[in-house]
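*Asks:* Whole structure, please, built from the sequences with the hints as guidance.
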Amino acid sequence: MSENGINHKFAFYLGCIAPNRYPGVESASIKAMKKLGVELVPLKGASCCPAPGAFGSIDLAVFYAMAARNLVLAEQMKMDIALVCNGCYKSIWEVNHKLKHNKDLRDAVNEVLKEVDMEYKGTINVYHTAELLYNDKFIGVDKIRDSVTNPLTGARIAVHYGCHLVKPHKDREFEKEVMLNTECPTWMEELVAAIGATPVEYRNKMMCCGAGGGVRGYDIVHALDITNEKLINLMEEKVDALTDICPFCQLQFDRGQIEIQEKFGKTYNLPVLHFAELLGLAQGMSPQELGLDLHGISCEPLLQKVL
Amino acid sequence: MAEKKATTKKAPSKKEDTKKVAPVKQEVKKAAAPAAKPKAAPAAAPAAAAAGSTTQQGEARIGVFICHCGTNIAGSMDIPAVEEYAKILPNVAYVDNYKYMCSMPGQAVISKAVKDNHLTGVVVSACSPRLHEPTFRTATKEAGLNPFRFEMANIREQNSWVHMHDREGSTDKAKDAIRIAVAKASLLQDLFPKTVPVEKAAMVVGAGVAGMQAALDLAAAGIKTYLVEADTSIGGRMSQLDKTFPTLDCSQCILTPKMVDVGRASMIELMTWSEVHEVEGYIGNFDVTVRKKARGVITPKEAEARGIVGGGCNGCGDCETACPVVKPNEFEVGMKPRKAIYINHPQVVPLLYTIDFNSCVKCGICVTACGPEKRAIDLESKDEFVKVKVGTVILATGYDIFPIEKKEEWGYKRFENVITSLEFERLICASGPTGGHLIRPSDGETPKRVAFVLCAGSRDNTGTGKPYCSRFCCMYSLKHAHQIIEKIPGCIPYIFYMDIRSFGKMYEEFYYRIQDEGAKFIRGRVANIIEDKKTKNLHVMTDDTLLDRPIDMEVDMVVLAAAVQPKEDTNRTRKLFGVSCSSDGWLLEAHPKLNPCGTTTAGVFLAGVCQGPKDIPDTVASAEGAASAASIPIHMGEVELEPYFATCIEEKCAGCGMCVNLCPYSALALVEKNGRTVMEVTEAKCKGCGTCGGFCPGGAIWMNHFTTPQIVAQIDAFLLGGEQ
Ligand SMILES: Cc1cc2nc3c(=O)[nH]c(=O)nc-3n(C[C@H](O)[C@H](O)[C@H](O)COP(=O)(O)OP(=O)(O)OC[C@H]3O[C@@H](n4cnc5c(N)ncnc54)[C@H](O)[C@@H]3O)c2cc1C
Ligand code: SF4
Ligand code: SF4
Numbered sequence: 001m002s003e004n005g006i007n008h009k010f011a012f013y014l015g016c017i018a019p020n021r022y023p024g025v026e027s028a029s030i031k032a033m034k035k036l037g038v039e040l041v042p043l044k045g046a047s048c049c050p051a052p053g054a055f056g057s058i059d060l061a062v063f064y065a066m067a068a069r070n071l072v073l074a075e076q077m078k079m080d081i082a083l084v085c086n087g088c089y090k091s092i093w094e095v096n097h098k099l100k101h102n103k104d105l106r107d108a109v110n111e112v113l114k115e116v117d118m119e120y121k122g123t124i125n126v127y128h129t130a131e132l133l134y135n136d137k138f139i140g141v142d143k144i145r146d147s148v149t150n151p152l153t154g155a156r157i158a159v160h161y162g163c164h165l166v167k168p169h170k171d172r173e174f175e176k177e178v179m180l181n182t183e184c185p186t187w188m189e190e191l192v193a194a195i196g197a198t199p200v201e202y203r204n205k206m207m208c209c210g211a212g213g214g215v216r217g218y219d220i221v222h223a224l225d226i227t228n229e230k231l232i233n234l235m236e237e238k239v240d241a242l243t244d245i246c247p248f249c250q251l252q253f254d255r256g257q258i259e260i261q262e263k264f265g266k267t268y269n270l271p272v273l274h275f276a277e278l279l280g281l282a283q284g285m286s287p288q289e290l291g292l293d294l295h296g297i298s299c300e301p302l303l304q305k306v307l
Numbered sequence: 001m002a003e004k005k006a007t008t009k010k011a012p013s014k015k016e017d018t019k020k021v022a023p024v025k026q027e028v029k030k031a032a033a034p035a036a037k038p039k040a041a042p043a044a045a046p047a048a049a050a051a052g053s054t055t056q057q058g059e060a061r062i063g064v065f066i067c068h069c070g071t072n073i074a075g076s077m078d079i080p081a082v083e084e085y086a087k088i089l090p091n092v093a094y095v096d097n098y099k100y101m102c103s104m105p106g107q108a109v110i111s112k113a114v115k116d117n118h119l120t121g122v123v124v125s126a127c128s129p130r131l132h133e134p135t136f137r138t139a140t141k142e143a144g145l146n147p148f149r150f151e152m153a154n155i156r157e158q159n160s161w162v163h164m165h166d167r168e169g170s171t172d173k174a175k176d177a178i179r180i181a182v183a184k185a186s187l188l189q190d191l192f193p194k195t196v197p198v199e200k201a202a203m204v205v206g207a208g209v210a211g212m213q214a215a216l217d218l219a220a221a222g223i224k225t226y227l228v229e230a231d232t233s234i235g236g237r238m239s240q241l242d243k244t245f246p247t248l249d250c251s252q253c254i255l256t257p258k259m260v261d262v263g264r265a266s267m268i269e270l271m272t273w274s275e276v277h278e279v280e281g282y283i284g285n286f287d288v289t290v291r292k293k294a295r296g297v298i299t300p301k302e303a304e305a306r307g308i309v310g311g312g313c314n315g316c317g318d319c320e321t322a323c324p325v326v327k328p329n330e331f332e333v334g335m336k337p338r339k340a341i342y343i344n345h346p347q348v349v350p351l352l353y354t355i356d357f358n359s360c361v362k363c364g365i366c367v368t369a370c371g372p373e374k375r376a377i378d379l380e381s382k383d384e385f386v387k388v389k390v391g392t393v394i395l396a397t398g399y400d401i402f403p404i405e406k407k408e409e410w411g412y413k414r415f416e417n418v419i420t421s422l423e424f425e426r427l428i429c430a431s432g433p434t435g436g437h438l439i440r441p442s443d444g445e446t447p448k449r450v451a452f453v454l455c456a457g458s459r460d461n462t463g464t465g466k467p468y469c470s471r472f473c474c475m476y477s478l479k480h481a482h483q484i485i486e487k488i489p490g491c492i493p494y495i496f497y498m499d500i501r502s503f504g505k506m507y508e509e510f511y512y513r514i515q516d517e518g519a520k521f522i523r524g525r526v527a528n529i530i531e532d533k534k535t536k537n538l539h540v541m542t543d544d545t546l547l548d549r550p551i552d553m554e555v556d557m558v559v560l561a562a563a564v565q566p567k568e569d570t571n572r573t574r575k576l577f578g579v580s581c582s583s584d585g586w587l588l589e590a591h592p593k594l595n596p597c598g599t600t601t602a603g604v605f606l607a608g609v610c611q612g613p614k615d616i617p618d619t620v621a622s623a624e625g626a627a628s629a630a631s632i633p634i635h636m637g638e639v640e641l642e643p644y645f646a647t648c649i650e651e652k653c654a655g656c657g658m659c660v661n662l663c664p665y666s667a668l669a670l671v672e673k674n675g676r677t678v679m680e681v682t683e684a685k686c687k688g689c690g691t692c693g694g695f696c697p698g699g700a701i702w703m704n705h706f707t708t709p710q711i712v713a714q715i716d717a718f719l720l721g722g723e724q
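Which chain is which? The protein sequence lines are Y and B, in order.
Here the first sequence stands for residues 1 to 307, where the numbers follow our numbering.
Here the second sequence stands for residues 1 to 724, where the numbers follow our numbering.
Check the hints yourself; a few may be wrong.
[To be verified] Derived lysine-lysine pairs resembling DSSO-like cross-links, with alpha carbons at most 30 Å apart: (1) Y/Lys176 to B/Lys505; (2) B/Lys413 to Y/Lys167; (3) B/Lys258 to Y/Lys167; (4) Y/Lys238 to B/Lys536; (5) B/Lys258 to Y/Lys170; (6) Y/Lys9 to Y/Lys31; (7) Y/Lys170 to B/Lys505; (8) B/Lys406 to Y/Lys100; (9) B/Lys533 to Y/Lys167; (10) B/Lys466 to Y/Lys176; (11) B/Lys533 to Y/Lys176; (12) Y/Lys137 to Y/Lys100; (13) B/Lys336 to B/Lys293; (14) B/Lys413 to Y/Lys176; (15) B/Lys536 to Y/Lys266; (16) B/Lys413 to Y/Lys170; (17) B/Lys534 to Y/Lys305; (18) B/Lys258 to B/Lys87; (19) B/Lys533 to Y/Lys238; (20) Y/Lys167 to Y/Lys78.
[What the hints assert, rightly or not] Cβ-Cβ distance ranges computed for the label pairs, FRET-style: (21) Y/Glu236 to B/Pro550: 17 to 27 Å; (22) B/Thr462 to Y/Lys121: 24 to 34 Å; (23) B/Ser442 to Y/His97: 24 to 34 Å; (24) B/Asn571 to Y/Asn125: 33 to 43 Å; (25) B/Glu517 to Y/Pro168: 35 to 45 Å; (26) B/Glu330 to Y/Lys121: 48 to 58 Å; (27) B/Lys406 to Y/Glu229: 25 to 35 Å.
Just so you know, the hints here were simulated from the structure itself, not pulled from any lab data.
Quantities reported herein were computed from a predicted structural model and do not represent experimental measurements.
Glycine residues also receive a C-beta, built at the ideal position from the N, C-alpha and C atoms.
*Replies:* Next comes the structure, spelled out in structure tokens:
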């Protein structure tokens with residue numbers, strides 16, 4: 001252990017949706033991780049990751065260059081990146097990986113970065129905070145369990161893994177082998193159990209939230225149709241909340257429920273929380289501190305059960 | 001652009017580099033000097049070298065023959081320019097070109113030229129030596145020269161084919177290749193292949209249908225054959241099958257007669273519950289140590305040898321009834337129990353029980369059940385090692401099912417009603433665990449809707465499965481569809497496929513028949529299978545690529561046509577015999593088209609699926625091919641060994657023994673000679689790889705046909721030119 005119980009420091013890449021829609025994810029991540037010995041240092045000057053679907057499908061050169069710029073900012077801080085969003089993970093982790101292994105691409109990107117006096121060197125790694133939480137090299141399930149002051153006993157919580165963190169399987173290289181399970185992973189459920197809640201399995205767990213790949217922007221009804229199917233499957237299991245590790249998925253499930261009500265006339269009122277928010281609750285942070293009041297769907301029913 | 005590049009690069013490099021190269025020249029010469037001695041003093045070199053004392057540079061008269069290979073070579077380079085260039089090379093006494101050097105008239109050109117011009121060596125500048133070295137070696141021999149006075153310059157595979165659009169570049173490269181070949185040819189020596197006698201016995205490893213067929217053929221040809229099988233009984237996978245496509249005859253019915261024949265054949269020595277432990281030697285003389293695993297049960301013959309008259313296992317099964325230990329039966333893919341003392345199924349050959357000592361608690365109940373007359377059970381039995389000598393070997397180690405649970409999306413081992421095709425074979429088989437009733441493992445109900453997922457783990461480029469086609473799953477899945485339509489009225493098979501590969505004789509007809517019988521075909525790779533927790537029914541999710549719509553089909557049962565992969569122990573076994581495998585693990589044939597049964601290790605052949613997925617007809621055909629190939633050296637009585645072995649120049653050898661450890665073929669040993677320790681080569685074991693020759697610090701190893709002076713001359717010719 002080094003200073004103030006901090007063992008690891010990471011450049012904290014926020015992305016767009018977390019700070020703009022769910023600021024609680026940001027504060028929860030910083031505070032909860034600190035208790036677990038990990039300091040998240042803001043990555044100043046960062047831009048959009050950029051969104052893999054929106055940018056990646058239109059102009060790859062821009063996509064690579066923008067992601068590389070974010071990486072260079074962290075390289076300059078001499079810190080690995082930690083981030084809280086699956087979409088950001090796909091962009092920044094994959095671009096880092098590609099640039100490290102493909103010299104031609106690296107040269108091309110550096111040609112672009114020259115214009116802003118930057119050079120990508122390939123000196124850092126990129127992690128999702130969920131990975132830091134699960135991997136005992138950084139934190140691990142036991143440490144999380146020990147940090148809990150307010151166990152979420154009795155809450156039935158289902159997990160939405162989202163697509164971009166675990167897929168495509170052949171491009172992922174997690175140190176923890178169980179994280180390479182793309183079709184029926186259960187490591188997030190271990191995290192849910194560690195904070196005292198009851199993890200719940202449900203039909204077609206690995207189905208997409210509906211929003212990704214530009215579907216939400218392109219065809220909202222179609223996107224909501226997928227979300228709706230997931231919600232039906234979730235309600236079958238009588239869950240108290242859904243937890244995710246991606247603000248974009250969270251947006252789709254949370255705001256999406258309001259849109260589903262408007263468009264399909266169906267009401268679910270299922271609280272949707274980023275795992276960082278749940279962890280914050282379990283570590284004794286207040287709902288206000290976590291910005292839970294900013295959610296589209298009220299978290300009150302869950303809070304009544306666990307507080 | 002590309003043409004320019006090649007030539008402009010070349011031109012300066014020739015002139016400018018002469019200066020830079022100069023010091024290299026000296027070094028090379030120095031290195032060459034000591035090694036050159038044995039050439040001048042052939043007494044030190046082997047007898048073969050002695051006969052080749054005409055290889056002094058001045059006396060060499062080399063003929064160069066340039067092949068057009070139609071337009072394959074001539075289309076990409078300036079043949080007349082190459083020819084003119086060859087004429088100015090040292091020692092070249094004759095140059096000619098011909099449209100097809102390998103044709104009979106082409107070979108006649110060589111023959112005539114050798115005689116007319118008193119040539120001492122031949123260089124053919126054509127394709128790869130892998131293709132035509134034997135052809136031209138024979139032509140050289142027929143012209144009256146020692147066949148090893150021949151050298152090939154590859155100007156096709158390594159030149160015209162890859163530099164098709166760089167005429168100047170490829171012309172220059174051909175000149176280089178010929179100059180190098182001439183340099184070597186000038187130093188070539190007469191070599192004389194050795195012959196070794198061939199043991200009149202063969203070994204077949206693996207007794208599935210491939211190994212059995214190969215052994216039967218060898219035995220019928222009068223060759224004593226050791227058939228080594230790792231399992232307790234012969235028969236392999238085919239004995240687990242119910243029916244066989246496309247004729248639908250019962251697998252056991254057509255297999256058991258063969259099994260019985262194998263058991264009876266006097267020329268076949270069957271070694272079940274055994275594996276190859278160690279291999280020494282080479283074609284004609286393999287010394288193979290077989291490990292007979294402790295079996296705990298003795299045959300009547302073994303009983304007799306122990307003085308137990310009328311004893312030994314008669315297959316009554318009293319021990320099995322008595323044994324208290326219950327284990328899953330692997331033959332039934334774990335769907336039926338067996339005891340610690342067991343046989344796979346009632347028709348086993350040999351009918352001899354086996355104790356699984358990993359589960360046996362040595363309670364001794366079976367010994368009592370077996371009784372004092374038979375006394376067939378020996379709980380203290382140990383592994384035995386048997387050494388046999390054979391002339392040739394056939395590997396027929398077959399396949400395993402790919403662990404399809406690795407394709408997590410289909411839920412095998414997570415969802416009870418998702419099974420593999422091999423499990424289906426046992427469930428639909430009258431002698432199987434359910435007496436031939438296909439039932440759902442979850443509730444024992446008869447399914448009414450069964451999905452078949454084809455290419456499960458095959459043709460898979462995700463990195464989890466196998467990239468190749470497993471070749472028999474399409475056909476056996478059609479067979480399975482037929483079987484359920486026949487056995488379960490109203491049951492519908494849904495076949496999810498990519499392509500139906502019905503390539504064999506009467507296979508396409510079989511495919512149409514199954515379509516007519518009412519099987520439903522959906523073209524789409526199954527993305528995901530989801531279990532309904534309450535009913536244990538399964539939802540098969542895919543995209544129907546013909547109708548262009550997503551599918552979510554609820555079925556009662558899913559059968560995964562899982563990919564196949566080489567049998568578990570294949571890698572260890574193949575290494576013992578020095579056989580390579582391709583990147584997917586299947587054993588590597590000598591040539592995929594022209595020598596599919598041979599391997600690059602002389603005397604070792606391949607049969608059946610161990611070489612790559614094959615259905616039974618192809619397996620049996622390959623087994624008969626391998627048996628025929630393996631019997632040739634045995635019937636010849638002796639085999640010729642390539643004379644490329646290493647020899648020790650004893651005066652120079654310091655007896656350090658480093659080479660002995662380096663040799664990958666254990667061909668070298670240290671011996672005492674005239675009061676000194678020197679290295680000695682077992683020529684028949686030496687493959688001429690040159691590892692020792694390149695290493696020896698004293699330059700005491702002489703590699704026939706790849707001598708240091710020859711190699712140095714080639715390097716010199718390349719670096720320094722040497723045109724006259
Ligand atoms: C579900 C299913 C259904 C099929 N249906 C049909 C069909 O209807 N028609 C058809 O034509 N084909 C069918 N096939 C294919 C058929 O099974 C094969 O073509 C055939 O079994 C190949 O025989 P083999 O002898 O090469 O291999 P195997 O049958 O695998 O035999 C190999 C033998 O070698 C032994 N062995 C392995 N390694 C060693 C070792 N190191 N030392 C000693 N012994 C060893 C094994 O124990 C085994 O006995 C089917 C396959 C499957 C999976
Ligand atoms: S000694 Fe072993 S094989 Fe015999 S009955 Fe006991 S457990 Fe079974
Ligand atoms: S045989 Fe058919 S099912 Fe099997 S891998 Fe080949 S194409 Fe796929």
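*Asks:* Given the proposed pairing of B/Lys406 with Y/Lys100, does the C-alpha separation stay at or below 30 Å?
*Replies:* Holds, at roughly 29 Å.
*Asks:* Is B/Lys413 close enough to Y/Lys176, meaning Cα to Cα at most 30 Å?
*Replies:* Given that 30 Å is the threshold and the Cα spacing comes to 22 Å, the pair holds.
*Asks:* Taking 30 Å as the top limit, are the C-alpha atoms of B/Lys336 and B/Lys293 close enough?
*Replies:* 24 Å, holds
*Asks:* Decide if the proposed pair is consistent with the structure: B/Lys258 and Y/Lys167, CA atoms, cutoff 30 Å inclusive.
*Replies:* 50 Å, violated
*Asks:* Assess, step by step, whether the Cα of B/Lys258 is no farther than 30 Å from the Cα of Y/Lys170, and give holds or violated.
*Replies:* Judged against 30 Å, a Cα distance of about 45 Å means the pair is violated.
*Asks:* Would the hint linking B/Lys534 and Y/Lys305 be met if the CA-CA limit is 30 Å?
*Replies:* 28 Å, holds
*Asks:* Please work out if B/Lys466 and Y/Lys176 have their alpha carbons no farther apart than 30 Å.
*Replies:* Holds, at about 24 Å.
*Asks:* Between Y/Lys9 and Y/Lys31, is the straight-line Cα distance small enough, at 30 Å or below?
*Replies:* Within the cut-off at roughly 13 Å; holds.
*Asks:* Holds or violated: are the alpha carbons of B/Lys533 and Y/Lys167 at most 30 Å from each other?
*Replies:* Judged against 30 Å, a Cα distance of about 25 Å means the pair holds.
*Asks:* Under the criterion that the straight-line Cα-Cα distance not exceed 30 Å, is the pair B/Lys258, B/Lys87 satisfied?
*Replies:* 65 Å, violated
*Asks:* Does B/Lys536 pair with Y/Lys266 here, judged by a C-alpha cut-off of 30 Å?
*Replies:* 28 Å, holds
*Asks:* Can the restraint linking Y/Lys238 and B/Lys536 be considered satisfied, given a maximum Cα separation of 30 Å?
*Replies:* 20 Å, holds
Going through the hint list in order, the structure does not satisfy hints 1, 3, 5, 7, 18 and 23.
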